[in-house]
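Student: Sequence:
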Amino acid sequence: MRAAVATIAAVISTARPIRRLAGAIGLTIGLTLALAPPALAQPATGEREPGPGEVVVVAGIGEYGYSGDGGDARDARLGDYLRVAVGPDGTVHLADRTNGRLRTVTDGIIDTVPGTVAPRPGITDLGVDNPPLAVAIAPDGTRYVATHGGILRGGEDGRFTVVAGDGDLSYRDGGTGGDGGPAARARISTPGDLAIDGKGNLYVADVHNGRVRRIDRDGIITTIAGGGREYPSREITATLAALTKPSLLAVDSTGSVHVVPDDGRWVQKISPDGVLSTVATFSGGLSGDGGHVRDAQGGRVGGIAVDAEDNLYVTDIDHGQVRRITPKGIITTVTPTLRGDDIAVGPDGDLYVTGRNQVHRLVRHGTPPATSDQDGGASPWVDEAPGTVHVVAGNGEQRDANAREHLTVTTPRVDGLAAGPDGTIHYTDAVHHELGQVAPDGTVTVVTSQLEQPRGLAVGENGAHVADHGNNRLRLIAQDGTGSPVGGNGMGPPWGVAIDPSGELVVTTRDSRGEGEGLVQRLDADAVPHTIAGGGQRRGAEGDGHPATESDLSRLGPVAVGPDGSVYFAEGRFAAVRRVGRDGILTTVVGDSARSDKEAGFAGDGGPATEAQVNAPSGLAVTPDGTLYIADTYNNRVRMVDRKGDITTIAGTGARADDGDGRPATRAAVFEPTAVTVDRDGNVHVATSGGLLRRISAADGTIDTLADLRAAKDESGDGGPATEAVVPFPLSLAVGPDSTLHVADQHGVVRAVAPDGTISTLDRMARALATDRDGSLYLDTVGDPDAPGVWRRRPDGAESVVASGRGPFQEPNLDGRPATATMLRTSALATGPDGELHLVGQHFLYRLGEDGRLQALVRGQFAGADVDRDGVVYLADSVNDRVMRVTGTTATVFAGNGSRGDDEGDGGPATDAPLRSPSDVAVADDGTVYISTGEGIRRVDPDGTIDTLDLPLWTLGGPEPWNPPGALAVGPGGDLYFAQPESHRVLVVVRPGEMGGSFPWLAVGLGAGAVVAAGAVTLAVRGRRR
406 MRAAVATIAA VISTARPIRR LAGAIGLTIG LTLALAPPAL AQPATGEREP
456 GPGEVVVVAG IGEYGYSGDG GDARDARLGD YLRVAVGPDG TVHLADRTNG
506 RLRTVTDGII DTVPGTVAPR PGITDLGVDN PPLAVAIAPD GTRYVATHGG
556 ILRGGEDGRF TVVAGDGDLS YRDGGTGGDG GPAARARIST PGDLAIDGKG
606 NLYVADVHNG RVRRIDRDGI ITTIAGGGRE YPSREITATL AALTKPSLLA
656 VDSTGSVHVV PDDGRWVQKI SPDGVLSTVA TFSGGLSGDG GHVRDAQGGR
706 VGGIAVDAED NLYVTDIDHG QVRRITPKGI ITTVTPTLRG DDIAVGPDGD
756 LYVTGRNQVH RLVRHGTPPA TSDQDGGASP WVDEAPGTVH VVAGNGEQRD
806 ANAREHLTVT TPRVDGLAAG PDGTIHYTDA VHHELGQVAP DGTVTVVTSQ
856 LEQPRGLAVG ENGAHVADHG NNRLRLIAQD GTGSPVGGNG MGPPWGVAID
906 PSGELVVTTR DSRGEGEGLV QRLDADAVPH TIAGGGQRRG AEGDGHPATE
956 SDLSRLGPVA VGPDGSVYFA EGRFAAVRRV GRDGILTTVV GDSARSDKEA
1006 GFAGDGGPAT EAQVNAPSGL AVTPDGTLYI ADTYNNRVRM VDRKGDITTI
1056 AGTGARADDG DGRPATRAAV FEPTAVTVDR DGNVHVATSG GLLRRISAAD
1106 GTIDTLADLR AAKDESGDGG PATEAVVPFP LSLAVGPDST LHVADQHGVV
1156 RAVAPDGTIS TLDRMARALA TDRDGSLYLD TVGDPDAPGV WRRRPDGAES
1206 VVASGRGPFQ EPNLDGRPAT ATMLRTSALA TGPDGELHLV GQHFLYRLGE
1256 DGRLQALVRG QFAGADVDRD GVVYLADSVN DRVMRVTGTT ATVFAGNGSR
1306 GDDEGDGGPA TDAPLRSPSD VAVADDGTVY ISTGEGIRRV DPDGTIDTLD
1356 LPLWTLGGPE PWNPPGALAV GPGGDLYFAQ PESHRVLVVV RPGEMGGSFP
1406 WLAVGLGAGA VVAAGAVTLA VRGRRR
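Anchor point for the sequence shown: position 236 equals 641 in my numbering, and the numbering is continuous, going up by one each time.
Be aware that one or more of the hints could be misleading.
[To be verified] Below, in silico cross-link-like pairs of lysine-lysine (BS3-like), each with a Cα-Cα straight-line distance of 25 angstroms or less:
id	residue 1	residue 2
1	Lys604	Lys674
2	Lys674	Lys733
3	Lys674	Lys650
4	Lys733	Lys604
What the hints contain is simulated information worked out from the structure, not anything from laboratory work. Predicted model, so just to flag it, every value in this text is computed and none were measured.
Produce the entire structure from the sequences given, and follow the hints as far as they go.
Tutor: Listed below in structure tokens is the structure:
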């Protein structure tokens, strides 16, 4: 860490290798966090195989859309309503209802099943008009798909045949619905789910007919439940029962079928002999873990599945849990961290859960990762005198307590890109509300940040024309940042903007949600808008060949104008680029305007652009010779349409990444490009979703990065010295065996300070931390709405939940409860010599047992904790002004007489000394204990003698010179790290255990404007705080 620390004049004394602690100040903090779904360990082919308890991403980036076929499933976009099944070979099958696709994940690669996308499907075609509602895989690997049109069976050639559902036999007018006959003649009214038993019988949730039906291997269909009139409040013959919209199914090895209605409140079972019974009623609340399910409470069920041992798994979508019901009816919580919808069990027993445009895998099999203690590192300041003090993190700045964005980098969103006559590239940033420019040498300058979600951009002789979408204005902005509105009545909120050869402006408009009517308008010399496309009734391909003003347009995006005045635009509702000719006639020039955005894809390179497929084109540019360039966003490519109308890819491989500088652009990855422009020399510039501005050389076709637009927005200090970074009000510290320091601040942001002094930001938020001897980091993420709980992150990146912040059991006493089924709020974490985790709750100190259950050790409200090498726990009791020592379940006073007297008691027994509001405690391997108090840092030697460390730090300026220490942690070599919350810094005292005598605490505090002298000073005098 020595390369990037600020040395403060000091000397004091210690040297003992100690290892860890995560103490948090005794303070309850309400964190309001809005994060994307948690970044979890993500194994793929060739990567480390995850162990039991880990949650890994199988598919999806957590954002809506369609993309990714042929690539890593974790980089794909998925729809909102996903149903999942896992085949006997481990292939994951997804019914992506929103996108009208059936998709598979095999060996980490995602693809769309051939034949499952058709613009105008028939009964045996899947697509947006006949989307897959559910999918099931037979023991022999045969795929069955439920659609509005019926039940389909997929063949190896990708073709589907009708099994049931679109026949002429219904239940109307007393009809049989086809029962007892061929399933192909039966009519099924919205199949909600499918299940297959070990014999190959297919079960169908016939939602609107209120029945569960079975199709045997001979193709004969039978109703096994529902169709009666009796309310199933008790065990009854299943066919006499009145079922309310059965929607979810699972079948076990005995042939019993479990069924859930569409409201998700019941789980019922149909036995092989035809008796219907209630397994569970979930009418709200959350309780019952470890007991019988009939006594449990729970939220609505989103999915059900059965494993090889006939355990039934249900997803509780109200509480974000997966719960297991054994064949004997005992219910337990498997994981509290997944807001799951559907669920499936893999052939190895792993659970697959869908939710929020992703599929997660909860690993249940295998061997836990081997752990071993890391060798304790030496002190980074081994050659310095004991008592030397350094700042190791924080520059003294606080920032707004709610401004978490200052500490993490928000990637710019560039929708407008335009090349100026001097080679300068102008851009809009909708995230930071800016207009900026990039010089040919890559220098980035912000012209103005007084816009609201600016989108399109065109540069003319008088300045930059910006579609200030959030302010419903088109603005002309001069080089000095001053601007004036352009246009007036009759123009909707602008999105795209371009300049035609005559100098007139052309804009696309759409409302704030993007779903309403869109128009393409041309502004005359007086800035009066005239509609040239939109406002009519012809939708999609129906508008081609007709006047563009007869078309019905929506979700309009970028616009560009050709040399002949033709106007090109992209309409988000369709996977196409369209053109309004000078004659006012609308045509499709790229893609198929009969295909919706859900039927997008990638195809057609080397052929006519009208036969190609594009996916969410977000940027357009036309050169003077009529060549059209397209930012084909979700295909991760830049494509070109030449004057003959043929399309090719000029940049991007389809991978969702930014790489390949110096290589041919067609061999480089381009991360979801959003805007494109061409400069005076013919170089193509493209803005990517990764925040980069990249340039494709007209001379040789190679690509390079002209500018990283994120760099100017990075106020976190990541990658630089930790002493220059903002670390506002640090609350919890943990030091690993390799001397890596982790800091959790008041925003919940966790920073890591490497041994060389550089700082980085973790992808998970927390308010309490602890490290283990094997290098694992524990994080209390209870403020994270998507993944609350206590997580363990191993050195290899593997993550697992060890305790929950969202469960059925709540304090005050959680003794004996499964830790992952608790509503636990911790103020501190600490690990013992054997790796056992201790959690300071609101009312008890708990130890996490090997069986995953909590053991309540002692009652009390404690602020900080640590564990010595013998397993003895030390607790900072700020309420009673004491430090307690806990052996087993017995607590005794270790330090403090319960008062806050003026006599510090230095040199005497620690139990006779007053302690002023102890907030944290740290213990060294030799038994020396450090206590953070309102009087400073106290040290208790192994013989029980207490003294006060003298830290010569001065606040220069400011009304309050006294800044008490906060969280403590002891690092390798015996260095003591302490947080100084009010000064927004973390400091370290070099080996204070080597110091002798009693030294009173001097005023500590380094404000934002403090001046710190370098070097070391040996104290020769004793002083008082006041």
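Student: If a hint holds in the structure, say so; if it doesn't, say that too.
Tutor: Now for the hints, and whether the structure bears them out:
About 19 angstroms separates the Cα atoms of Lys604 and Lys674, which keeps this hinted pair within 25 angstroms; it holds. The suggested pairing of Lys674 with Lys733 holds, with an alpha-carbon distance near 13 angstroms, which does not exceed 25 angstroms. With a C-alpha separation of about 15 angstroms, the suggested pair Lys674 and Lys650 falls inside the 25 angstroms cut-off, and the hint holds. Of the supplied pair hints, the one linking Lys733 and Lys604 holds, its CA atoms being roughly 24 angstroms apart against a limit of 25 angstroms.
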